[in-house]
Each structure stands twice: as C-alpha cells, then as structure tokens.
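Peer 1: So the chains spell out like this:
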Amino acid sequence: MFEPDEELVGRVVRQLRRPVTVDANLDARVMEQIARLPARRAGGATRATWHWLTRPRTVRLSPLSALAIAAVFVAVVLSRPDRLSHPASTGAREFSFVVVAPRAATVSLVGDFNDWDAARTPMQRAGKQASVWTAVLPLTPGRYRYAFLVDGVSWLADPAAPAARDDEFGTPSSVVTVGGS
Amino acid sequence: MGIHSVGTSDVDVVRRVLGGDTAAYATLVARYRDRLARYAVHMLGNREDAEEALQDAFVRAYRSLERCDDPARFGAWLYGILVNRCRTTGARAARRGRVFVRDEAALNGVAHASVAEQTEGEDVVCWALARLTPEYREAFLLKHVEDLEYEEMARVTGAGVSALKMRVKRAREQLQMILREAERV
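So the sequence lines, in the order shown, correspond to chains R and W.
Take this note's numbering: the final residue in the first sequence is number 183, and no numbers are missing along the way.
Take this note's numbering: the final residue in the second sequence is number 417, and no numbers are missing along the way.
Among the clues, some could well be false.
Claimed, not checked - These stretches of chain W come out as covered by chain R in the derived footprint (C-beta under 8 Å, 3 or more residues):
{"no.": "1", "region": "249 to 258"}
{"no.": "2", "region": "269 to 279"}
{"no.": "3", "region": "288 to 296"}
{"no.": "4", "region": "371 to 377"}
{"no.": "5", "region": "382 to 391"}
Honestly, the hints are just simulated from the structure, not real lab data.
All C-beta atoms in this analysis are idealised placements derived from N, C-alpha and C, irrespective of residue type, glycine included.
Isolated chain R (complex conformation):
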C-alpha cells in the first residue's frame, strides 16, 4: 500500500538533500569573470559605511516614545511659530478663496488687497468642467473686504464669509480678517 503522507515527503526531502555536483571549474570561472571587472576602488569599506548610514530603516516606536517625540516637536514649533508661517519676513499667510459659479465664463477675486482691480486676481476653475473657482492670495494681518466678480458684471459676496456692513459702493461684499502672529 501507499506510504503515509509524512513518510512520502520525508523520502522526497532526503533524496533532494543529497549533494549535487557541478562543474569543478565553476569557482575558477567566477573568479576569472570577477578579475575582468573594473578594480574595486579603495574606500569600498567607506562606501559600505556610507550606504549603511544612508539606507532607509524601519524604526519601531512605543506609543509613549512617539508621544514624547510629538511633544518635543510641538514645543519646538510653539517656541518658533514663524517657522511655519509663509513667507516669514512679511508675516503674510496664503489664503485660498473658493466660490461655486457653474455658469460663469470668468470669475475674478476683487477686494481691498488688490484695489478692487478685476484684472489682478483672476480665479481658476478647479477642473476643466468644474463649477468651482479658486484663487490663492498671500495676505498680511489686517481686515479686508472682498467679493467675486462674475463675467465682469455680477458681484457676488462670499456665502461662506461674514458680509461687510460698511460697503460704500452698494454692492455685496464679504470680510476676511487675518490675524497677526
């Protein structure tokens, strides 16, 4: 009858573990091929050390260690808040203005920051057929009134921002207040 499974596999393994013979000149062929390669430059060990230093590693952290590192990072950021503002020299921060205008051909962002000049800050569609228009503008701390000018004729206040109460031109506008650092 047949052997039990383990015995059959064991027989296979014993047979496969027997040494095999290869060409006796294999070593010589390898060394000959290596000898034809460009000489290994001196400093190979140095390069190996450099590689060891620069290779990526998986770092395992306990939750407590991760928390400690995060706390140190936050402390550093809080002690130097200017490192995260952009650009640091003027204290300006970038603001993204967004408006939904599905049937518009052009939309401009106008306000105190660009002297209400429709040519200075044209907004861009978020995609080819998108109804969302965006513009990014750096603003220094202060209070700004602004609005969107649709197709060069229609004024639109920002529905997501407070309305300006002191609009002397009689057109709807919104207010953004940029805090100082």
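Once you've looked at the hints, dock chain W against the given chain R.
Peer 2: Chain W alone, transformed into the frame defined by chain R:
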C-alpha cells in the same frame, strides 16, 4: 592570491573584499557553492542552467557587495540573489520550452525524453518536483530542503509568510498526488 584560513567569518571576508582583496572572494564562493548549487539544480532541473544562474549570482553579489547591509548574513543575502537569478533563468527556459512545442520534431523528442525518465525511474522525485509551479517548487525547496525559516524565506523571496506557508502546503499536497499517480502507473 594568498591562503585564507578555514573558518574565517563571512564578515571578515566581506571586509577584505571591500578593502580591495578580490582573491578573498574565492573563500565565499567555495563556502556557498555546493549548497547554492543544490538549490539551483533542483529549482531549474537542468545542470547547465543551474551553473549559469549560480555563476551569475556570485558575480552579481561581488559587484553589489557594498549593498550587503549585514555581512554576517552574507549567505542569506546571496541566497536572495540566486533565487532571483533562478526565476529569470527559469522563465527564459520556459520560453525556450514554448518555442520547442511549436517544433514537431522537438516535440516528439521532448515526449520521448519524459517517458524515458518516468519508465526508467531514474529520478522520479526530480521529475515530480519539475511538475510543480515555480512558486510552489521554490517554497518547497527553501523550506524542506534548505531548511530556511519562514521569516528568512520571506526576506529571500519577497513573498509574505502566509503566502509561503500556503505554497509549501500546496507543494506537499501536489507532490504526494503526483508521486502516487506515478506509483500507480
């Protein structure tokens, strides 16, 4: 050339080679040749292909020695290179095989050779092993013949431990089935 003391650790030899002592590499070739040859021959089922893959693996390892992050594990690192060379050589051999199948005369020759192998019973085990898929054969050889742990196999093959366990299990089942069929004939 120089004489290298028996038992010199892989770490020492690797350092010497990296330091410019090319001849020291012969120690590593001699140390790992037989074990790697056994894997290559069983994996590829052809001595010429196995020698080609083996030689290629040794030369590639030499050229990339700086990338051996842990010289104490040079053997395992070399194994990984050989496994890849065997995959490449095996795939090329398989393509060669498919070309032969279109050739009527060659097809007859292959058929005769297979029958001869089986009927003579010279190496039924190797014949059965060759009928496994390369993935199953690779996993079976590394686990049962080369005695690697699953974690080491995962590093060498790039496959996950669960996948490797499944491959070994299926390889064992298929080998048993193939050998039983052969015994019935």
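Peer 1: Next, verify each hint and record whether it holds.
Peer 2: How the hints compare with the structure:
no., hint, verdict
1, 249 to 258, "holds (count 8)"
2, 269 to 279, "holds (count 5)"
3, 288 to 296, "holds (count 4)"
4, 371 to 377, "holds (count 3)"
5, 382 to 391, "violated (count 0)"
Against the hints set out earlier in the document, a violation occurs for number 5 only.
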